[in-house]
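*Asks:* Chains as they are written, first to last, in our numbering: chain A, 207 to 472; chain B, 267 to 572.
Any given hint could be a false lead.
Chain B regions said to be covered by chain A (calculated; three or more residues, Cβ under 8 Å) [what the hints assert, rightly or not]:
1. 300-307
2. 381-395
3. 490-501
Below, a list of computed lysine to any residue pairs in the SDA-like style, where the Cα atoms sit at most 25 Å apart [claimed, not checked]:
4. B/K493 / B/L531
5. B/K493 / B/A556
6. B/K482 / A/I213
7. B/K385 / A/R304
8. A/K309 / A/I288
9. A/K309 / B/G534
10. B/K359 / A/I288
11. B/K359 / B/P494
12. A/K309 / A/L372
13. A/K336 / B/I309
14. B/K464 / A/A220
15. B/K324 / A/A338
16. B/K359 / B/K324
17. B/K385 / B/L469
18. A/K301 / B/T275
19. B/K359 / B/D341
20. B/K464 / A/P217
21. B/K464 / B/Q535
22. A/K301 / A/L361
23. B/K493 / B/P506
24. A/K309 / B/V561
25. A/K214 / B/T275
26. B/K385 / A/L372
27. A/K301 / A/E375
28. B/K359 / A/C226
29. A/K214 / B/K324
30. A/K214 / B/Q535
31. A/K214 / B/L391
32. B/K464 / B/L393
33. A/K336 / A/I213
34. A/K336 / B/P506
35. A/K214 / B/K464
36. B/K385 / B/R468
37. A/K301 / B/N284
38. A/K214 / B/T386
39. B/K482 / B/T381
What the hints contain is simulated information worked out from the structure, not anything from laboratory work.
Note that the structure is predicted; figures quoted are calculated from it, not measured.
Note that the Cβ used here is the ideal one computed from N, Cα and C, for glycine as well.
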Amino acid sequence: MASTFSIKRQPGFATIAMFCFFLLYLPIATLVVFAFNAQASVAIWGGFSLRWFQAAWNNQLVVEASIRSLQIASVAAIVATIVATMAALATTRTKPYRGLTAKYAFINQPLMIPEIVTAVALLIVFARIKVATGYSGLGYLMAAHTAFCIPFAYLPIRARLESMDLSLETAAADLYATPWNTFRRVTLPLLWPGIIAGLMLAFVVSLDDVVITEFVKSGGQDTLPTYMLGQLRRIVTPEMNAISTVFLLISVAIVTLFFLISRRST
Amino acid sequence: MASASEIATNRERADIRNRWLLSTPALLIIFLAGTGPLLVVLIYSFLTPGPYGDVIWKFSTDGWTGVFFQRDIFDDTLSLADAHLQIFLRSVKLSLITTILALIFGFPTAYFIATRPQKTQALWLFLITIPFWTNLLIRTFAVQEVIRNEGMLNTILLNLGLINSPIQIMFTDWAVAIGMIYVYLPLMVLPLYASMEKLDFRLVEAGYDLYATRLKVLRRIIIPLVKPGIVAGSILVFIPSLGAYVTPRVLGGGRNMMFGNLIELQFGQGRNWPLGAALSLTLMVIVMVALLFYVRNVSRDERRHG
Numbered sequence: 207m208a209s210t211f212s213i214k215r216q217p218g219f220a221t222i223a224m225f226c227f228f229l230l231y232l233p234i235a236t237l238v239v240f241a242f243n244a245q246a247s248v249a250i251w252g253g254f255s256l257r258w259f260q261a262a263w264n265n266q267l268v269v270e271a272s273i274r275s276l277q278i279a280s281v282a283a284i285v286a287t288i289v290a291t292m293a294a295l296a297t298t299r300t301k302p303y304r305g306l307t308a309k310y311a312f313i314n315q316p317l318m319i320p321e322i323v324t325a326v327a328l329l330i331v332f333a334r335i336k337v338a339t340g341y342s343g344l345g346y347l348m349a350a351h352t353a354f355c356i357p358f359a360y361l362p363i364r365a366r367l368e369s370m371d372l373s374l375e376t377a378a379a380d381l382y383a384t385p386w387n388t389f390r391r392v393t394l395p396l397l398w399p400g401i402i403a404g405l406m407l408a409f410v411v412s413l414d415d416v417v418i419t420e421f422v423k424s425g426g427q428d429t430l431p432t433y434m435l436g437q438l439r440r441i442v443t444p445e446m447n448a449i450s451t452v453f454l455l456i457s458v459a460i461v462t463l464f465f466l467i468s469r470r471s472t
Numbered sequence: 267m268a269s270a271s272e273i274a275t276n277r278e279r280a281d282i283r284n285r286w287l288l289s290t291p292a293l294l295i296i297f298l299a300g301t302g303p304l305l306v307v308l309i310y311s312f313l314t315p316g317p318y319g320d321v322i323w324k325f326s327t328d329g330w331t332g333v334f335f336q337r338d339i340f341d342d343t344l345s346l347a348d349a350h351l352q353i354f355l356r357s358v359k360l361s362l363i364t365t366i367l368a369l370i371f372g373f374p375t376a377y378f379i380a381t382r383p384q385k386t387q388a389l390w391l392f393l394i395t396i397p398f399w400t401n402l403l404i405r406t407f408a409v410q411e412v413i414r415n416e417g418m419l420n421t422i423l424l425n426l427g428l429i430n431s432p433i434q435i436m437f438t439d440w441a442v443a444i445g446m447i448y449v450y451l452p453l454m455v456l457p458l459y460a461s462m463e464k465l466d467f468r469l470v471e472a473g474y475d476l477y478a479t480r481l482k483v484l485r486r487i488i489i490p491l492v493k494p495g496i497v498a499g500s501i502l503v504f505i506p507s508l509g510a511y512v513t514p515r516v517l518g519g520g521r522n523m524m525f526g527n528l529i530e531l532q533f534g535q536g537r538n539w540p541l542g543a544a545l546s547l548t549l550m551v552i553v554m555v556a557l558l559f560y561v562r563n564v565s566r567d568e569r570r571h572g
């Protein structure tokens, strides 16, 4: 019958696609499975056990690195989201004004420069500042992370703002609401899904960063990713798999939430 | 008395001033921890290396000459820096291989997603993006676990009797390429999907009505129509591949360096910060040129559809 001829079909494409999805998830699945291995091998299965999660939990370095990662990601994501929200309010729903395009380019700059170049630049500058001020705390990492988190927070907030028209705000102003009240009672509640999405994206991006952190950190300031990078040079035990599994779980949970929020809001 | 138009311009002016004030914090942070330091890199690239790293404040163009040439220690003549050129070539070669293979795998995948029923498309896209948002290092580590000598791939092949000794994949160029394809594949699939989603299948149907074969329809109708997506995806994969640091470091080992690792070397054992700075800026310029192509391609695409 003629109707069995599908114009959309291309031979072999579905197979390759399935193969791709399989390859995409195979390494991750293997990684997770061997986190539960009872033996010290990451390739030969020796029964189910939670001992590597226990080992990671008892590893002082891992716990400290995790806490540091969370501290940096929290500060960076919150600051980045606040300033990105302000910037988004300033760059949307307006007639084009002088410098607007330059602002876009500037805000998205961290996305355009290769990470290794930014990392090297920050290494040079922060090394000077460290010598000059004597301060070598987490502030440098937080500042660096905030900067590259801004475009990630900015994009969903801007997208949300652009889908909101100004009529509600105009109505509020017509009813004698002050600009601040209009913002707090009208704009902010409508914008909220975008802000949450931006915050989560920024948090994940900060949590995942390896390159910039590796160059900017002072001694003893390993985050979880840089700690893992250092460990990969040695003989790997399933402890690494256990750490990765927990890390993956957190990222996937946040990203899933992000998708659900941004889907509901559109 | 101020006229109505004067009040309007005043209000507009105040509005623009407020907009600048609102965006100042974001711009300031990015300037302090992004653009500003890049300017310092530019200055450093024209200074003299210090004996223990860092720089001496003396003007020199050696950093820039060092990108392509090396000075003979005996007679001070310049010759091409073979080691650097080799690393540039490897970076470009591996990035091209990564881009081409990502396209070969990504094209059918994007097409598959774009031809699913509307409802399930989001789910397939989600499955593509999930690995992308998980930690780059963890994904690289996962690849390492599969391809290393005691890893899953070799264990299976050995047990099946297909090979007698493990295939050495780790610490070769192929390991780096495999890792980068794995890591950057979503960057290929997403723009491809975006342009395939807009594909007008009536044109495909017309092709079949005119007795075209499936291959001909693919080559003469589908590929030309989604070309902007192909270009966008290729650039989006090529750029991060060229600047890759983590994947070559973990999977390539010390010997199979790429651009990013060469830069790092100058700030570590190499102790030649000006050369490192010049190399960084070289990489940045290459990436900027590629991005310019991307932007031009995207805006042309928008004009055509808009």
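*Asks:* Taking the hints in turn, state whether each one holds.
*Replies:* Hints versus structure:
1. 300-307: Three-residue rule met by the segment 300-307 of chain B, so holds; n is 7.
2. 381-395: holds (count 6)
3. 490-501: violated (count 0)
4. B/K493 / B/L531: Violated - the C-alpha atoms of B/L531 and B/K493 are around 38 Å apart, more than 25 Å.
5. B/K493 / B/A556: holds, 17 Å
6. B/K482 / A/I213: holds, 13 Å
7. B/K385 / A/R304: With a Cα-Cα distance of about 42 Å, the restraint between B/K385 and A/R304 is violated, given a limit of 25 Å.
8. A/K309 / A/I288: This hinted pair holds, its Cα atoms lying about 17 Å apart.
9. A/K309 / B/G534: With Cα atoms ~35 Å apart, A/K309 and B/G534 exceed 25 Å; violated.
10. B/K359 / A/I288: At roughly 42 Å apart (the allowed maximum being 25 Å), A/I288 and B/K359 break the hint.
11. B/K359 / B/P494: Holds. B/K359 to B/P494 sits at ~23 Å (cutoff 25 Å).
12. A/K309 / A/L372: holds, 22 Å
13. A/K336 / B/I309: holds, 19 Å
14. B/K464 / A/A220: Since the Cα atoms of B/K464 and A/A220 sit roughly 19 Å apart, the hinted pair holds (cutoff 25 Å).
15. B/K324 / A/A338: Holds, at roughly 20 Å.
16. B/K359 / B/K324: violated, 36 Å
17. B/K385 / B/L469: Roughly 23 Å between the alpha carbons, so the hint for B/K385 and B/L469 holds.
18. A/K301 / B/T275: Roughly 13 Å separates the two Cα atoms, so the pair holds.
19. B/K359 / B/D341: Between B/K359 and B/D341 the Cα gap is close to 34 Å, so the pair fails against 25 Å, i.e. violated.
20. B/K464 / A/P217: This hinted pair holds, its Cα atoms lying about 21 Å apart.
21. B/K464 / B/Q535: violated, 51 Å
22. A/K301 / A/L361: holds, 19 Å
23. B/K493 / B/P506: Distance of about 21 Å is within 25 Å: holds.
24. A/K309 / B/V561: Answer holds: A/K309 to B/V561 is near 16 Å, not above 25 Å.
25. A/K214 / B/T275: violated, 55 Å
26. B/K385 / A/L372: Violated, at about 31 Å.
27. A/K301 / A/E375: Distance of about 17 Å is within 25 Å: holds.
28. B/K359 / A/C226: Judged against 25 Å, a Cα distance of about 23 Å means the pair holds.
29. A/K214 / B/K324: Given that 25 Å is the threshold and the Cα spacing comes to 65 Å, the pair is violated.
30. A/K214 / B/Q535: The given pair, whose Cα atoms are some 56 Å apart, is violated under the 25 Å limit.
31. A/K214 / B/L391: Roughly 18 Å separates the two Cα atoms, so the pair holds.
32. B/K464 / B/L393: Answer holds: B/K464 to B/L393 is near 21 Å, not above 25 Å.
33. A/K336 / A/I213: Roughly 64 Å between the alpha carbons, so the hint for A/K336 and A/I213 is violated.
34. A/K336 / B/P506: Answer violated: A/K336 to B/P506 is near 30 Å, above 25 Å.
35. A/K214 / B/K464: holds, 13 Å
36. B/K385 / B/R468: holds, 21 Å
37. A/K301 / B/N284: holds, 14 Å
38. A/K214 / B/T386: Roughly 16 Å between the alpha carbons, so the hint for A/K214 and B/T386 holds.
39. B/K482 / B/T381: Answer holds: B/K482 to B/T381 is near 18 Å, not above 25 Å.
Hints 3, 4, 7, 9, 10, 16, 19, 21, 25, 26, 29, 30, 33, 34 from the earlier list are contradicted by this structure; the remaining hints agree with it.
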